[in-house]
Structures are given as structure tokens and as C-alpha cells.
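Top to bottom, those sequences are chains A and B. To get the working numbering, take the position in the first sequence, counting from 1, and add 762. To get the working numbering, take the position in the second sequence, counting from 1, and add 47.
The set of hints was computed from the structure by calculation and includes no laboratory data. Glycine included, each C-beta is placed from N, C-alpha and C at the ideal position. One or more of the hints may lead you astray.
Stated by the list, open to error - A short list of chain B residues far from chain A (calculated; beta carbon distances all over 10 Å):
id : residue
1  : G120
2  : V126
3  : I232
4  : G249
Stated by the list, open to error - Residues from chain B shown here face chain A by an in silico Cβ test under 7 Å; the list is partial:
id : residue
5  : L70
6  : M72
7  : L119
8  : P121
9  : A124
10 : L128
11 : F133
12 : L230
13 : F234
14 : T237
15 : M248
16 : I250
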Amino acid sequence: MSETTNSKTQKEPLFSKKNQKLLSNPLNKDNPITVQVLGICSVLAITVQMKTSLVMAISVVAVMGSANLIISLLRKGIPPRIRIIVQLTVIAALVILVDQILKAFVYDVSRQLSVFVGLIITNCIIMGRLEAFALNNKPWPSFLDGIGNAAGYAWVLLAVGFFRELLGSGTLFGYQMIPNVFYEFGYENNGFMILPPMALITVGVIIWVHRSRERDLVDIS
Amino acid sequence: MQELINIFVKSVFIDNMVFAYFLGMCSYLAVSRTVNTSVGLGAAVIFVLGITVPLNYLLENFVLGRGALSWLGPQFAGVDLSFLTFIMFIATIAAMVQLVEMIIEKASPTLHSSLGIFLPLIAVNCAILGGSLFMQERNFANLAEATSFGLGSGTGFFLAIVGIAAIREKIRYSNVPAPLRGLGITFILTGLMGIAFMSFMGIEL
Numbered sequence: 763m764s765e766t767t768n769s770k771t772q773k774e775p776l777f778s779k780k781n782q783k784l785l786s787n788p789l790n791k792d793n794p795i796t797v798q799v800l801g802i803c804s805v806l807a808i809t810v811q812m813k814t815s816l817v818m819a820i821s822v823v824a825v826m827g828s829a830n831l832i833i834s835l836l837r838k839g840i841p842p843r844i845r846i847i848v849q850l851t852v853i854a855a856l857v858i859l860v861d862q863i864l865k866a867f868v869y870d871v872s873r874q875l876s877v878f879v880g881l882i883i884t885n886c887i888i889m890g891r892l893e894a895f896a897l898n899n900k901p902w903p904s905f906l907d908g909i910g911n912a913a914g915y916a917w918v919l920l921a922v923g924f925f926r927e928l929l930g931s932g933t934l935f936g937y938q939m940i941p942n943v944f945y946e947f948g949y950e951n952n953g954f955m956i957l958p959p960m961a962l963i964t965v966g967v968i969i970w971v972h973r974s975r976e977r978d979l980v981d982i983s
Numbered sequence: 048m049q050e051l052i053n054i055f056v057k058s059v060f061i062d063n064m065v066f067a068y069f070l071g072m073c074s075y076l077a078v079s080r081t082v083n084t085s086v087g088l089g090a091a092v093i094f095v096l097g098i099t100v101p102l103n104y105l106l107e108n109f110v111l112g113r114g115a116l117s118w119l120g121p122q123f124a125g126v127d128l129s130f131l132t133f134i135m136f137i138a139t140i141a142a143m144v145q146l147v148e149m150i151i152e153k154a155s156p157t158l159h160s161s162l163g164i165f166l167p168l169i170a171v172n173c174a175i176l177g178g179s180l181f182m183q184e185r186n187f188a189n190l191a192e193a194t195s196f197g198l199g200s201g202t203g204f205f206l207a208i209v210g211i212a213a214i215r216e217k218i219r220y221s222n223v224p225a226p227l228r229g230l231g232i233t234f235i236l237t238g239l240m241g242i243a244f245m246s247f248m249g250i251e252l
């Protein structure tokens, strides 16, 4: 890693225009969820609360950055025929690490996430970026690409979690947000937001808002 | 026997992979443009789930779980390999998918040409790994129950993807607001279908 960053600094600055693009593009124009349609499963399943969303987001950022880095370092030694198995093994090893860490430090969140930590392995964002980017790029840009895409994933995750927890239970991170006065005047939490189908509709609305701001993303077909 | 049917019906309707757990959404969204391709993918998913869930059940009970290795001899009774679960499950799935593809290619070229492109995709379909992980979480009593769960989950996915593909073929003729076209409206439709499937929730089996 240190060797590659040194050789990079000689040729171009660590945060050149191109590298900044790698980080910022996935946040908006090339968002993995709303534009590339990758990694939807977990966005929907674990966004009932902000806390689980945050833990999931951090796990994905960690797994994705390191997976991209490792695969990019190995890219010259992987025979193309068995690359999928190699990628899955690397990802699975990283996910096992994350899973053990979660179980050790935040056990209750780990229970709530249940099988979805394991499902980071088959989260198509990770496989997709490994295939599309890390296999034919240098380690440092691949690392940035991984972090950028995971961050793009994370903000959608947190946005969905924010609306679902605020409207569904009136709390954020478990703290009450809607003042009691509201409840006295007859305001009620929308219990529907906690149920699975509303996650889909929330994401649909986020895509709607995103695409009406970025006109060139509109699907013409 | 009744127990098996119960598990099957439950995993098709109540614990539907797509609507209750959102597993396999990536391929669900990507391959649901026409009914024909979605039937192909759905069939492939039923097939692969029906094979990998029982296999992983055996793996879980005779290799990975706490004390599962005791059939090798008393000194292995305390071994707990459950931290290897993810890597073993995904390896089984990837290997099985490869094997199934080879067998189908030899045995029935017509089936292969219709399923062909979907099979490699399935290795990274979260519904498959999810099926195995849910199987592990639910502690089924025997192999038949696990198989029934696998087939049921696959059928649930099949129903969901064929349903949404049929709706998407029709909705092409409707006047959807431009920014909502394509992905956005598919999400909202899936949400509405999910609400419909929630009506199965109260059923006790």
C-alpha cells in the first residue's frame, strides 16, 4: 500500500481531479442505489431505525473499501475463469471479520441485523464494483471508488432510515423527536412506515425526487 | 407430511422472500422487464434453492454447528466451526451453481439456452444465500423440512418476479410522470404488491 501511494504521488497528487470524481460521483450522478440499482435488499430490510442503518452503513463502507483494495492488489494474479470464487472468498472473509466485531461490541444491533450482515457478501454493489472497477485499476483509485460507492449507498440508507424512524416511531436513534404537545393534539405515529412495503415506497419517492432534480437521469424507455 | 406443506405455504406467502425480506431485489428489478425472461430466472431460482438449502442444512448439521463433528469421534464433540458459516455456504452455492450449469448443459441444451445466462447471476443473488441463512436461523428438524423451505422460498420468488414483470409490461402504456418512469414506479408497485401480500400475515399455520 505505502509503495503504491508513493509511486502515485510522483505521477499525480493523491487527491487529483480524477480521484475526487471517483469519490463524489457515486454520491449523486452515479449513485449505486438510485442510478445503478445495486444493493437494494439491505436498504429496504434494515432501515426501520437509524441505529441499525448506521451500523450497516459503516460495515459496508469498511468491507467495500478493503475488498476493492485487496482485489485490486491481486488483480494481476487472479485467473479470469475463477475470479468470481476468488472475489466471493475475499468478501466472505471480510464479512466474517465484521460479523465477529459486531457480535463482540454491539451485540443487540447484531441480533437485529440477523442474516443481513451475512448478506453483505452477496450485496451486488460490492461484486459489481469489484467486477467493473477494481479488476482493472490501481489500488488507490479502487480504494477511493469503493469508499465513494459505499458512501453513496450509506446516504440513501440513512435517508430512508431517517424518514422511517421519524414518521414511524417518532424517534431518531431511539430518542423522542416529536414533542409531546403533538401527541396531546391527537398526532399519531404512522405505524405503517415500520412495515416492509413502506421502505419500497420511500425509496421510490427518493428516486422520484432525485430524478426530477437531475433531468438527464430520467428513464426514457 | 402436513408439517411439510405448512412450511411450504408459509415460505411462499407469509415469509415471501421478496415482499417480506427484500431478498433478491437486484435481480428482481433487473430481470423483470418481460415475462419470458422472468419465468426463466424464477425457475432457475427455485431449482438452485431446492438444491442448496438441503445441502447447506447437511453442512450445518454435520460439519459447522456446535458439536456437529461428534460423528468423527468423541474428541471432536466440542468443536464449533460456526464462524466459518458464511464462507462455507457461499462456496457451496457457487460450486453448486457451476455444477448445475454443467449438468443442464449436457442433459438438456434447450433448458440450458433458456436458463443459461441466469445461472451465473444466481451465485450472487441474495435470495439464495438468504435462504440458507434463514434455514440456519430457524433450526428445521430434518432434511425434508429444509428442502420444503427451500422450494417454497423459490416459488415465492418466482411468483413475485412473474407478477411484477406482467405489471411492468402493461405499465409501458400508461402515462407515468417522467422522473418516476422505470425504476421509481417499479419500487412503488413492489410496495403496493407487498401491501397485498401482507394480508397473508395473520394466517396461522
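Here is how each hint holds up against the structure:
Here G120(B) stays apart from chain A, with its beta-carbon at least about 27 Å from theirs, past the 10 Å limit. Residue-level check passed: V126(B) sits 17 Å from the nearest beta carbon of chain A, beyond 10 Å. At roughly 7 Å, the least C-beta separation between I232(B) and chain A is not larger than 10 Å, which violates its mark as non-interface. Every C-beta of chain A lies more than 10 Å from that of G249(B), the closest at about 13 Å, which supports listing it as non-interface.
Annotation: interface hint on L70(B) holds; nearest CB of chain A at approximately 6 Å, less than 7 Å. Of the supplied interface hints, the one on M72(B) holds, with its beta-carbon coming within about 4 Å of a beta-carbon of chain A, less than 7 Å. With 7 Å as the threshold, the beta carbon of L119(B) stays out of range of chain A, its nearest partner Cβ sitting at about 24 Å, so the hint is violated. The interface hint given for P121(B) is broken, as the beta carbon of that residue sits about 28 Å from the closest beta carbon of chain A, more than 7 Å.
Interface hint at A124(B): violated, since its Cβ lies 23 Å from the closest Cβ of chain A, which is beyond the 7 Å cut-off. A least Cβ separation of about 12 Å between L128(B) and chain A goes past the 7 Å threshold, and the interface hint is therefore violated. Among the interface hints, the one on F133(B) holds; its C-beta lies about 5 Å from the nearest C-beta in chain A, closer than the 7 Å criterion. For L230(B), the interface hint holds, the least distance from its beta-carbon to any beta-carbon of chain A being 6 Å, beneath 7 Å.
For F234(B), the suggested interface contact is upheld, since its CB lies about 3 Å from the closest CB of chain A, less than 7 Å. Hint status for T237(B) relative to chain A: holds, with the closest Cβ pair at about 5 Å, below 7 Å. With its C-beta approaching chain A no nearer than about 9 Å, M248(B) sits outside the 7 Å limit, and its interface hint is violated. This hint is violated: I250(B) has a C-beta 16 Å from the nearest C-beta of chain A, more than the 7 Å allowed.
Checked against the numbered hints above, the structure breaks hints 3, 7, 8, 9, 10, 15, 16 and satisfies the rest.
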